[in-house]
Amino acid sequence: MRTLLDRYWEGETTLEEERRIKAFFTAAGDDLPEEFRQEARWFRILQEEKSVQAPAAKRVNLFPRTTQRWYSIAAAVILLLCAAGLWWRKNVPEPPWQIVQNPPAQKNERPGFLEKPMAAVPENTSELAQSPVVEPEIRKPVRLKKQADVPVEDDTCEDPEQALAEIRAALALVSSKINKSKETLDKGLQEVDHVEILLKRKNG
Amino acid sequence: MNWTIFQHHVYPIRHKLYRFALRITGSIPEAEDVVQEVLERVWKSSEGQATDVSNWEAWCMTLTRNRSLDKLRATAQRRVVPLDDQAAKQFDTGDAARATELGDLAAQARRLMQELPEKQRLVMHLRDVEELSYEEIAKVLEISLDQVKVCLHRARKTIREKLVAVDAYVPANV
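The listed protein sequences derive, respectively, from chains A and B. Note that my numbering has the first sequence beginning at 1, numbered continuously upward. Note that my numbering has the second sequence beginning at 1, numbered continuously upward.
Hints in this document: simulated from the structure, not taken from any laboratory. These numbers were taken from a predicted model, which means no experiment stands behind them. Be careful, since some hints might not be right.
With a straight-line cut-off of 27 Å between C-alpha atoms, the simulated BS3-like cross-links for lysine-lysine are [said to hold, decoys possible]:
1) B:149 / A:202
2) B:139 / A:50
3) A:177 / A:90
4) A:200 / B:139
5) B:162 / A:50
6) A:50 / B:71
7) B:44 / A:187
8) B:149 / B:139
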């Protein structure tokens with residue numbers, strides 16, 4: 001062992017020989033001849049140095065912060081758009097040209113329709129022959145500004161049930177988009193948690 | 001970075017990285033920061049970069065060395081001697097007397113090693129504490145094999161002389 005130790009101090013030993021020296025001092029403990037006392041202390045110190053461990057890892061955020069920020073911004077924008085859309089539908093009145101073009105249903109009059117109701121048809125055909133012919137007054141179509149530019153649309157939802165179904169479908173679509181973004185974010189966060197759990201397990 | 005690679009090749013050597021960073025910086029908080037940054041850097045490395053690495057340990061050790069030296073340069077502390085109480089804290093085994101004794105020994109060892117020139121100190125740490133081969137040490141420190149051998153020889157010689165000098169002040173039963 002003395003020869004081996006001398007070679008060690010000269011820096012001539014192999015890794016295997018150095019392991020043998022360390023094993024020798026570990027096995028011997030305090031029960032060593034006086035000549036090895038100095039080396040024993042040194043190898044004990046090295047052994048203790050090797051036992052130094054890194055403290056428990058701090059939380060490592062493996063999901064890039066910039067990505068998180070973009071997801072948050074996207075989610076906020078979607079929510080804002082949804083809220084604005086709902087508010088608009090509820091509070092903003094229809095444009096005036098649409099109101100004129102779609103008058104109340106009970107009057108049943110649209111530009112170009114007969115304004116006056118037809119006279120009752122007499123039962124007796126002879127009366128019909130004698131009665132003067134009434135020319136129906138034809139109302140000219142109301143031309144409004146922008147009418148040519150704006151595509152004329154019929155009221156798409158006369159039935160309230162159908163309108164509700166349409167709104168629900170639109171909201172479901174928006175919701176699915178939000179959920180998709182949330183799932184991606186959740187997946188990233190789960191990965192972070194998984195890493196953290198494994199790190200904790202490793203740290204024992 | 002693939003999770004499997006990280007789990008099997010990188011994460012198990014975190015203690016080794018920490019000891020190496022501690023050896024260079026001589027500061028526990030700095031060493032913790034270095035390890036954290038190196039692990040993050042490795043995790044965020046691209047798949048292409050990850051597949052090019054043949055020796056994860058050597059690569060991580062090199063990153064640790066570079067990051068530690070950057071920190072040292074940033075704080076303008078080329079030579080840092082660790083505080084004794086910090087060293088004692090590292091060896092908290094639950095037994096107060098033994099902890100103090102080991103803390104003293106560790107502090108003593110660190111002091112002896114910290115007094116060595118930087119290259120010798122790092123070569124000695126990588127060989128005697130981490131048990132790396134000459135080739136691995138040369139790769140991590142980016143020096144030649146001959147330089148590694150020369151540095152180790154000089155470092156051991158110096159330490160032996162210092163141990164003899166200290167021996168007079170150390171009780172025989174330690």
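Verify the proposed pairing of residue 149 of chain B with residue 202 of chain A, using a straight-line Cα cut of 27 Å. Distance of about 35 Å is beyond 27 Å: violated.
Verify the proposed pairing of residue 162 of chain B with residue 50 of chain A, using a straight-line Cα cut of 27 Å. holds, 21 Å
Is the hinted pair residue 44 of chain B and residue 187 of chain A satisfied, with a Cα-Cα distance of at most 27 Å? Measuring from Cα to Cα gives roughly 17 Å; hence the hint holds.
Straight-line Cα separation of residue 50 of chain A and residue 71 of chain B no greater than 27 Å? Given that 27 Å is the threshold and the Cα spacing comes to 23 Å, the pair holds.
Is the hinted pair residue 177 of chain A and residue 90 of chain A satisfied, with a Cα-Cα distance of at most 27 Å? holds, 23 Å
Could you grab the alpha-carbon distance between residue 139 of chain B and residue 50 of chain A and see if it respects the 27 Å cut-off? OK: residue 139 of chain B and residue 50 of chain A at ~21 Å, within 27 Å.
Proposed proximity, residue 139 of chain B with residue 200 of chain A (alpha carbon, max 27 Å): violated, 31 Å
Next pair to validate is residue 149 of chain B with residue 139 of chain B; report whether the Cα-Cα distance is within 27 Å. holds, 13 Å
Against the hints set out earlier in the document, violations occur for numbers 1, 4.
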